[in-house]
Every structure is written in structure tokens, then in C-alpha cells.
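Spelled out, the chains give:
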Amino acid sequence: MFDLFYIPEIILSIGILLVIVIDLYIEKQKYFSYLLIQFLIILASFYALTEVPTHAYSSYEFSKFTSLIKFLLLVGALIIFHYTYRHLNYLNNLKIEYFTISVLGLIGTMIMISAYSLLMLYLGIELLSLALYALIGFNKASKLSSEAAIKYYILGAMSSGILLFGISLIYGFTGSIDYFEIAEQISSVNNNSVQFLGIIFGMIFITASLCFKFGAAPFHIWVPDIYQGSLVSTTILLSTLPKVAVFVVFLKLYFIPFITLAFIWSDILIFIGIASIVIGSIFALTQENMKRLLAYSAISNIGFIILAMGLVTDDGLNASLYYTIVYSFTALASFGIITHITSNSHGIEDISDLAGLSKTHPYFAILILITMLSSAGIPPLIGFHAKLMVIQALINNSYIILSVLVVLMTVISAYYYLRIIKTIYFENRENLISTYTRNNILLSINVILLLGLGVFPFIMFDITSYLASILVDISI
Amino acid sequence: MNIELITFIIFSSLLIFTSIKVITSSNPVLSAINLVFSFFLSAVLWLLLGAEFLSIILILVYVGAVMVLFLFVVMMLDINIAKKNAAYIKYLPLGIGIFIVFNILIILFFINTFENINYNAISSINIISESNTENLGFVLFTDYILEFEIAGLILLLGILSAIILTYRKNPNNKYQDPARQIDVRKKDRLKVIKGLKE
Chain A
194 MFDLFYIPEI ILSIGILLVI VIDLYIEKQK YFSYLLIQFL IILASFYALT
244 EVPTHAYSSY EFSKFTSLIK FLLLVGALII FHYTYRHLNY LNNLKIEYFT
294 ISVLGLIGTM IMISAYSLLM LYLGIELLSL ALYALIGFNK ASKLSSEAAI
344 KYYILGAMSS GILLFGISLI YGFTGSIDYF EIAEQISSVN NNSVQFLGII
394 FGMIFITASL CFKFGAAPFH IWVPDIYQGS LVSTTILLST LPKVAVFVVF
444 LKLYFIPFIT LAFIWSDILI FIGIASIVIG SIFALTQENM KRLLAYSAIS
494 NIGFIILAMG LVTDDGLNAS LYYTIVYSFT ALASFGIITH ITSNSHGIED
544 ISDLAGLSKT HPYFAILILI TMLSSAGIPP LIGFHAKLMV IQALINNSYI
594 ILSVLVVLMT VISAYYYLRI IKTIYFENRE NLISTYTRNN ILLSINVILL
644 LGLGVFPFIM FDITSYLASI LVDISI
Chain B
11 MNIELITFII FSSLLIFTSI KVITSSNPVL SAINLVFSFF LSAVLWLLLG
61 AEFLSIILIL VYVGAVMVLF LFVVMMLDIN IAKKNAAYIK YLPLGIGIFI
111 VFNILIILFF INTFENINYN AISSINIISE SNTENLGFVL FTDYILEFEI
161 AGLILLLGIL SAIILTYRKN PNNKYQDPAR QIDVRKKDRL KVIKGLKE
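Chains as they are written, first to last, in my numbering: chain A, 194 to 669; chain B, 11 to 208.
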């Protein structure tokens, strides 16, 4: 019984209740509460790696796969909170509640990852989205922030409604919300019966809602506005943790309960993936705002992930896992750099705000150079291997025309990544750029890893193929 | 035609009517009252299905708590009656088009579905008594205890985010700090001056 207390979710949820109370008494020492939260996350990530009882609760799954993904998420959260504390402190907008809400959202992502029934999945998604609504509207001084919060709130509520409609259809036609029982029911249903049609109907509704949460193409309209309106620290959170969690939800839903329907969802996912890549690459060309540009780049990156997943083969699965980890790594670096810089005494908004950075702050200029080249997919960096794996998987499954299209879109997207580099190194404009630190060790390590893992890509190949192998273990 | 079907048709058509009134009436108070009506009517629909607990909860929570609070806020804020928005009319044809296509698809799908579905698939839940409330409580605190706890976390997060989004600290507020009041020593307030004579 007592080993249950070492489950990371329980550590975080009990700890965060304590932090809420303790923070009331030491309102002045914000740094102490912040350190307490960081300590909780370190403790939880430590216990995430230790052995847990497999399948301790019927609708909640513990396995090596979920533990490793949770570990990655917790480490990501640790780094994000480190950037966030300094960023908010610099903007004089520091409140400990920002971190408590983020930690509750983090618990939501962990519930989504471990969910083994549709009800648990819905609760995890709700916990995460509720935290995100509050974090997006956190900057009360800005009109854009409130607008973004209301937009995300209304659209998010609608997508939750669509998700619930899909779940109720699945429950009505299979008689269960448990992943395993749904899989059994679907495999025993006749392909021409009405029941089969109903299950597909429900599955498509769930797919639409999850694609909204992912920010994939036909449901992407919210992404640029929300990225632009929220604080940069919220934008990092939005572009890393929920994406990884929704990706794992996709994997578990499609490869456990809906695996026998693969001939249907594979086409849907390939279409969504291609549409995301095309829209993300083309619409980013005309963006002047840095955060909007990175939002469209996120849409096209998510397109790659979904496209690789839609192939329903081992190499596609490997490629999508690899791409997800690389993407969140790169997003952590690129948004992390932006949190450190202010231009003309406000945060970075337009790309032109960065002009002249190479003269005043060569360290940050080089970091942005490496990150952008990696996102564009230039060979020695890790972004190249990620894109290569997806295209290789496409060619192996004889989607030749699609792979040509994807390569073309990659070339187009290289233009806007290179435009940022051009602004930094070759444009002479007077900007009052300042940073609150000369360098940051975590940021440097993050960017050096982009280079180092790109030179030695086999380390990451091993990690992702291990992850893929243990994922297959649980689905049987 | 049995009595259940007649009741269903009457109440569901009233429900559709009031729901449309909620979004079309220009006075926010009228919208809110129509919403109250639609909650009552959907509670009746629950009753028809034999789910008496859910229908009572719907009235208690939504009508009793949420909508009364909402009406208070609307009355206090003195909101001007909104004019018919031009954008509303502009997007109406598109909305109606999507509505028709979507509903035709759903109706086509459902029209011959429910006669053929095999309900044996739905897994049997332990029914321990006649009462709906008792059954729900039993399932909620045994099979779904973890989900119940997580719902608690969601409520906590709701409270936290509502406070953080609306709370503004006013620097002009005057308040007492008991800790500082106790901390005061004699020498801070009292100054004894010696050697002063009239």
C-alpha cells in the first residue's frame, strides 16, 4: 500500500496542496516557494524512473513506456519553470500561482499519458486545458492576452464537447470505456454492421477533438493567436508538454483500442499530416511576428509527427516518436532563448526586434543560429535526422508523391528560418536589446545537445527504438 | 401512441424552442430565464428516462446555483441591451448550411441504427438497489474512486484560476498586519526624555 505514495502524480498533487498553503504564510519569499516546487518536480522525476507495479488500477496504466515519457515531461517542466521564474521576475509579473497552476496542468498531462479508459482520458484533458486557459490569460495588462484566453476557452470547450460526443458513441456501440474491452469488442464486430459504422463515427469525432488539442491543420486556427497573445513562458509550456501528452494519447488510442480500424484512420491521419505541413509552411512565410511564425512552424512540425504515425508501420512509429522528442527539444531551446531577451524594453514581438543582436549579444545570436538551422533541417544538426526519418518511412511505404511534396515544403520552410538568421546577422537597425544574464548553462546544454545528438544520431535512435519496443509490449 | 412518447414530444419541442430563445433574445435577463426553463425541461427528459437523481441534480446545481448567480450578476452590471450584430447576420447562411449538412448526415446514420443494435454488449453494472442515487454513489466510490479524486483536483484548479484571473491587489487598501502589531517594542513608540523641567 505504501509504495503507492511514491507514484509521481501523488507526490505532485499532495505537494502542490502543501505549496498553496505554505505560500500564504511566506508571501514575501517567492524564491523559497519556487524552490519547493522545483524540489517536488525533481522528487517526482526521480520516482518516475523507479519500478512501479504494472497496471495497479483498472483504468490507469503504469508501464515502462509511461514512466519514461513522464520522466521526459518532468525534466521538461523543470527547465521550463527555470526559464519562467527569471522571465516573470524580469517582467515584474511574478506570482507563485503561475507555477501551482502549471503543476496542476502537468498532473493533467501525466493522467492523459497513463489513461487506460476514455473517462480518465477526458479528465486528464480537462485538467490540462483548464490550467492552460488560466495561464494564457495570466497577463492581465495585455488586451491580446485576454482575447487569446477567451478564444481558447470557447474553442476548447467546443472541442471537449465533440470529444465527449465521440466517447458517448463509442460507449453506446461497444458497451465499454476501457481501452482493452473496446479493442475486444471492435475485433468481434462484423465489418458491414451498423454497430461498426457507429464506432467509426465515434472514432472520427474523437480524432477531430484530439487534432484540435494537437493544433493540426484543419483545426489549427487558434494556434497563432494564442501563441501571440500569451506570455513567452506560457508559449513554451503550450508548445512542449501538451504536444507530447497528446501524441502519447494518439499512440495509445490508435494502437490499442482502434488498431483493427487502422485501414480507416491511417488515411485520415495522412491527410491531416500533409495539410498541416503545407499550411504551416506556406502561411509562415508572411508572418512578421516572431511568436506567430514559431506557431506556424509548430503546426508544420506536428504535421510531420501525424504523417509518420499515419503510416501504421514500425518505421513510421519510430519516426514519429523520434520527431516528437526532437521537436519538443528544439521548441524548448527556441522559445527558451526568446524568454531571455528583451528589445526596446518589452519582450520580443516582431522579427525586426532582433536586428543587431549579433553585435551586442553574440552568445544569444549563435544559440538562435543553431536552433533555427536545426529546425530548418540542415545536416549536422538533429532536426535533419528527424525530417530524414519521416521522409525515409514515406519512401519505404511507397508514398513517393507525398515524400516529394514534403521535401518541397521543407525547402519553403527553410526560407523563413533563414530570414530570422539574416535579420540577426545582416540587418543594421538600432534596437535597445538587453538580456538579464550573460549566459545560461541550461540553455547552452540544450543547444549543444541539438548539435551533439545530430553528430551522433545513434544515441537518439537507440532511445526511440527502445521506447517503440516497450510500447508494442503493452499493446498486446 | 403511448403517454411517454406524447410527454417526450411536448417537452423536447419546448426545449428546442427555449434553447433558440436563449441565443436570439437581445435582453440578457430574458436569455438567462430561458436558459433556466431549458434546464427544467431537460430535467423532465431525464425523469422520463428513469434517472431521477440526475434530473434533481440538474435543477439543484444549474438552476439553484449557477443560473441564480448568473442572473444576479446580469442584473447588477446594468448591461445595455445588445444591438443586433451585423456579423451575426453575415455568418448566418454559412451556419445554416453547415447545420443542415451536419444534421442530415447524423439523421441518415441514426435512422436505421437503433433498431438493429445489439444492447447485450453493454457490460452489466452491479445493481444493488432500486434507487438511482444509491447505485450511482456505490459505483462512484468504488469503481470510479480515482476519477472522483481527479474531479476534485479539477475543481481546485477551477477555484485557483478564477481567483488568479480576477484578483487585483489595490495598493491603497488599508489593513492591519497582526504580526507587525505584536512585534512592536516599547522603544519604538515611547520616547522618554530626561532632564526637562518646567
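These are computed hints drawn from the structure, not numbers from a lab.
Heads up, a few of these hints could be off.
Said to hold, decoys possible - Incomplete in silico selection of chain B near chain A, CB under 7 Å:
id, residue
1, 138
2, 140
3, 142
4, 146
5, 155
6, 165
7, 167
8, 169
What the hints assert, rightly or not - Among chain B residues calculated to face chain A with C-beta under 8 Å, some are:
id, residue
9, 60
10, 119
11, 121
12, 170
13, 171
14, 174
Cβ atoms here follow ideal geometry from the backbone N, Cα and C, with glycine treated the same way.
Against the structure, the hints:
1. 138: For residue 138/B, the interface hint is violated, since the closest Cβ of chain A sits about 19 Å away, which is over 7 Å.
2. 140: Cβ of residue 140/B sits 23 Å from chain A, so the hint is violated.
3. 142: Constraint on residue 142/B not satisfied, violated at 19 Å.
4. 146: Interface hint status for residue 146/B: violated (14 Å vs cutoff 7 Å).
5. 155: This interface hint is violated because 9 Å lies over the 7 Å limit.
6. 165: 10 Å, violated
7. 167: At 5 Å from the nearest chain A Cβ, residue 167/B passes the 7 Å test, so the hint holds.
8. 169: At 10 Å from the nearest chain A Cβ, residue 169/B fails the 7 Å test, so the hint is violated.
9. 60: The hint is violated - residue 60/B has no Cβ within 8 Å of chain A, the shortest such distance being about 17 Å.
10. 119: Holds, about 6 Å.
11. 121: With a minimum Cβ separation of about 10 Å from chain A (threshold 8 Å), the hint on residue 121/B is violated.
12. 170: 6 Å, holds
13. 171: 3 Å, holds
14. 174: 5 Å, holds
Hints 1, 2, 3, 4, 5, 6, 8, 9, 11 from the earlier list are contradicted by this structure; the remaining hints agree with it.
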